[in-house]
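These are the residues of each chain, in order.
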Amino acid sequence: MLIGVIAIQGNVAEHVNALERTISERNCHGTITRIKHSGLVPDCDAIVLPGGESTTLARLMWREGIATEIQCAAESGVPVLGTCAGLVLLAVRSDAQREGAEPHLLGAMDIEVKRNAFGRQCDSFEVPLDVAGVGDAFPAVFIRAPAIVQCGRAVSPLARVGEYVVAAQEGNMLALAFHPEITSDMRLHHYFVEMI
Amino acid sequence: MDLNELRHGTELLKRGFAAMQKGGVIMDVTTPAEAGIAEDAGAVAVMALHAVPSEIRRVGGVARMADPEVVSAIIDSVTIPVMAKTRIGHVMEAKILEAIGADMIDESEVLTPADEFHIDKSLFTVPFVCGARNLGEALRRISEGAAMVRTKGEAGTGDVREAVRHIKLILGSIRSLKGKNHEELLKVAREIEAPAELVMETAKLQRLPVVNFAAGGVATPADAALMMYLGADGVFVGSGIFTAENPEKMANAIVEAVNNYEKPEVLAEISKGLGAQMKGIDIGTLDEREVLQTRGW
Chain V
1 MLIGVIAIQG NVAEHVNALE RTISERNCHG TITRIKHSGL VPDCDAIVLP GGESTTLARL
61 MWREGIATEI QCAAESGVPV LGTCAGLVLL AVRSDAQREG AEPHLLGAMD IEVKRNAFGR
121 QCDSFEVPLD VAGVGDAFPA VFIRAPAIVQ CGRAVSPLAR VGEYVVAAQE GNMLALAFHP
181 EITSDMRLHH YFVEMI
Chain Z
197 MDLNELRHGT ELLKRGFAAM QKGGVIMDVT TPAEAGIAED AGAVAVMALH AVPSEIRRVG
257 GVARMADPEV VSAIIDSVTI PVMAKTRIGH VMEAKILEAI GADMIDESEV LTPADEFHID
317 KSLFTVPFVC GARNLGEALR RISEGAAMVR TKGEAGTGDV REAVRHIKLI LGSIRSLKGK
377 NHEELLKVAR EIEAPAELVM ETAKLQRLPV VNFAAGGVAT PADAALMMYL GADGVFVGSG
437 IFTAENPEKM ANAIVEAVNN YEKPEVLAEI SKGLGAQMKG IDIGTLDERE VLQTRGW
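Top line first, the protein sequences correspond to chains V and Z. FYI, the numbering for the first sequence is 1 to 196, going by the working numbering. FYI, the numbering for the second sequence is 197 to 493, going by the working numbering.
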């Protein structure tokens, strides 16, 4: 089992550590690899799109040629986990950016997202969150987090904060608005590894 | 879900925000148009200023927090995070910047210090970044609540020498903690004037407990790549972009250089035809009173 973590920018080391811990807890064999350039994604059994700055990640993913590879992998059924900025990248649509700016999303999941839905950094928050199919009181950390404002028919919402969906699954794709990789609770990583 | 259970301004949220910037470039900007150029180039955040550090250095006088109108205009113009600088120890400037929605505050030696003490950053909801020249200084700032450390370097010079010295010194000191026992680490803590528990944590992690960026004199794609090669988690670029002949090209090139720092042949392509670079000042020619890195303790 080979899990690729897109390592352009952001919470890469945290996801790698969380996945290594998950794999060792499951007593299964697996390798985690960091991906900065094209050519590696097609060999992976699962892909993780970590949090970071979605604008930065999108630009470099297209420039490096990784974006198209992830689109192909997602289409062929390879499990993809997107957290925070990763959730934005998976979406088909996001709220309007600055005029003239090109968002370049992957469009892999039938969701529409709103960037910084909860406000600026001072509005970032932690909350115990019930996630359907995963468990109750998950320690969810929302950092300048996006939210899902509309889900397509094939998308199952898994958790909500107020009016917003903050976790959703569509077949092989799992999108989270928060950061399971920076807590010690590995339930969501286990859930993802089970999808492989 | 009970919305009363929401917790704001925790250490995890502050350090988590800083960690999200890893592998990225943070650019100094003075107008919404410049912020747009930085965002388009792929900057992870911008630092909103009334003037870039080389200009602050040239003009002289007391350098203060930027006009909140300038910072607000930049906040309204981009979706990436916006940081802003406060004078060392100036709690009120920091509170003003927090009130207008800055995502991170840089308690910066580039501005004229307001106090010999640094701000108690643990009292704020907004996260802080602080400069440091050595491990002791870095850990003192972390103990005051800094969520990110950056090397001081020598801002506004375009001369990378001091940034190189500071990152090597900090990372070398961390390496030298390896293998030391409890009492030896206590001795180090006394020598470098840092809290013992943070020295222990750093020794165990073999890195700073927070994100560690490079700053102060980084002016070209090769400079930025050098800082990543030396072990920085990311890079601040101050005057190097908007004093270059072609800021768009320079901004793009520096972002790509950080992502390709381990590939010299790619760096060569990135570095071609960028036009005139920031002229800069050789640090060796600076008068002692012109040195910014000695501000703070």
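Hint data in this document are derived by calculation from the structure and do not stem from the laboratory. Model, not experiment: these values are computed from the prediction. Check each hint, because a few of them may be wrong.
Pulled from the structure, derived: some chain V residues nowhere near chain Z, Cβ distances all over 10 Å [to be verified]:
no. : residue
1   : Q9
2   : E25
3   : I32
4   : S38
5   : E53
6   : E64
7   : C84
8   : R153
9   : A154
Calculated lysine-lysine pairs in the BS3-like style (CA-CA distance at most 25 Å, straight line) [claimed, not checked]:
no. : chain 1 : residue 1 : chain 2 : residue 2
10  : Z       : K445      : V       : K36
11  : Z       : K383      : Z       : K400
12  : Z       : K400      : Z       : K376
13  : Z       : K383      : V       : K36
14  : Z       : K459      : V       : K36
15  : Z       : K376      : Z       : K364
Here are some of the chain V residues that sit facing chain Z, going by a computed Cβ distance under 8 Å [stated by the list, open to error]:
no. : residue
16  : N11
17  : E126
18  : V127
Even glycine gets a Cβ: it sits at the ideal position worked out from N, Cα and C.
Each hint tested on the structure:
Here V:Q9 does not stay apart from chain Z, with its beta-carbon only about 4 Å from theirs, under the 10 Å limit. Every Cβ of chain Z is farther than 10 Å from the Cβ of V:E25; the closest lies at roughly 22 Å, confirming the non-interface assignment. Separation of V:I32 from chain Z is adequate, the least Cβ-Cβ distance of about 17 Å exceeding the 10 Å criterion. A cut-off of 10 Å between C-beta atoms confirms that V:S38 is not in contact with chain Z; the least separation is 12 Å.
With 10 Å as the threshold on Cβ separation, the claim that V:E53 sits away from chain Z is violated: the shortest Cβ distance comes to roughly 4 Å. With a least CB separation of 7 Å from chain Z, V:E64 falls inside the 10 Å interface cut-off, contrary to its annotation. Chain Z draws V:C84 into its interface by the beta-carbon criterion, the shortest separation being 8 Å against a cut-off of 10 Å. With a least beta-carbon separation of about 25 Å from chain Z, V:R153 lies farther than 10 Å from that chain, consistent with its non-interface assignment.
Remark: the non-interface label on V:A154 is consistent with the geometry, its nearest Cβ contact in chain Z lying 25 Å away (cut-off 10 Å). Distance restraint check for Z:K445 and V:K36: the Cα-Cα separation of roughly 22 Å lies within the 25 Å cut-off, and the hinted pair is therefore satisfied. Under the criterion of a C-alpha separation no larger than 25 Å, the hint pairing Z:K383 with Z:K400 is consistent with the structure, at around 16 Å. At most 25 Å may separate the alpha-carbon atoms for a hinted pair to count; Z:K400 and Z:K376 meet this at roughly 10 Å.
Proposed proximity of Z:K383 and V:K36 is contradicted: the alpha carbons are some 41 Å apart, above 25 Å. For a cut-off of 25 Å, the pair hint linking Z:K459 to V:K36 stands: about 12 Å separates their Cα positions. Between the alpha carbons of Z:K376 and Z:K364 the distance comes to roughly 20 Å, so the proposed pair stays at or under 25 Å and holds. Residue-level restraint check for V:N11 holds (minimum Cβ-Cβ distance to chain Z is 6 Å; threshold 8 Å).
Checking V:E126 against chain Z by beta carbon gives a least distance of about 5 Å; that is within 8 Å, so the hint holds. Checking V:V127 against chain Z: minimum C-beta separation of about 5 Å stays under 8 Å; hint holds.
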